[in-house]
Amino acid sequence: DIQMTQSPSTLSASVGDRVTITCRASQSLNTWLAWYQQKPGKAPKLLIYMTSSLESGVPSRFSGSGSGTEFTLTISSLQPDDVATYYCQHYNSYSCSFGQGTKLEIK
Amino acid sequence: EVQLVESGGGLVQPGGSLRLSCAASGFTFSRYWMHWVRQTPGKGLVWVSAIKGDGSSTTYADSVKGRFTISRDNTKNTLYLQMNSLRAGDTAVYYCARDWADCGGDCYLPAMAFDMWGQGTMVTVSS
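Same order as they appear, the protein sequences are chains A and B. Be aware that the first sequence starts at 1, since it is given in this note's numbering, and climbs by one per residue. Be aware that the second sequence starts at 1, since it is given in this note's numbering, and climbs by one per residue.
A portion of the hints provided could be inaccurate.
Unchecked claim - The calculated DSSO-like cross-link candidates involving lysine-lysine, where the alpha carbons are at most 27 angstroms apart (straight line), are:
1. A:Lys39 - B:Lys65
2. B:Lys76 - A:Lys103
3. B:Lys76 - A:Lys42
4. B:Lys65 - B:Lys76
5. B:Lys43 - A:Lys39
Hint data in this document are derived by calculation from the structure and do not stem from the laboratory.
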């Protein structure tokens, strides 16, 4: 099974900061990568699919990139509403696995 | 409004059974693969099972194979998860989720990304 490791586990940043969350795969991925946002007590919400495609309705300050074993989620200008835990997910038609999550807080 | 609403969670003893339901609305339910995903503080998010739009194909995580059964009733726009021989390790919040790919029900395989989630239902397995 492919293991997904996110870093950092916790991130504290100021409003307006550029924020980057990294997701590393245990082996090179020939599959897709997705990112989800989860707020306390709520279900995850799809932000990015196919590594870099923005889901409909998601603010353009969110972007995804990467290939092989290293992927990133970037928030270009952090907003108070972005406080949440973020998860990466590798997926193909036969399996998927999630990272352990990165908790994003406002300084 | 497009939404998924789970129900059926609760407290059950080890070895017991529980049936979860997920009512879908606001979209053509039969066009999509549907999934169950569970979440625990310790293991995080884990995919559990999936079923094709017409119900003709199913797939399971190894950890639940032989104990859980996914099914759907497209006349009622409802997804189910029958959970038997429950163990303490099955304790989790269970989410139903819609597959990202809209292929009119003809996708041979799911995309395995999830573009819509229910609010979740808690399952606790304990004596």
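Comparing the hints with the structure gives:
1. Annotation: proposed proximity of A:Lys39 to B:Lys65 is violated, straight-line Cα distance about 30 angstroms (limit 27 angstroms).
2. For the suggested pair B:Lys76 and A:Lys103, the alpha carbons sit about 38 angstroms apart, so the restraint of at most 27 angstroms is broken.
3. For the suggested pair B:Lys76 and A:Lys42, the alpha carbons sit about 25 angstroms apart, so the restraint of at most 27 angstroms is met.
4. About 26 angstroms separates the Cα atoms of B:Lys65 and B:Lys76, which keeps this hinted pair within 27 angstroms; it holds.
5. As the CA atoms of B:Lys43 and A:Lys39 are separated by approximately 18 angstroms, the hinted pair is consistent with the 27 angstroms bound.
Violated hints, in rising order: 1 and 2; the structure is consistent with all others.
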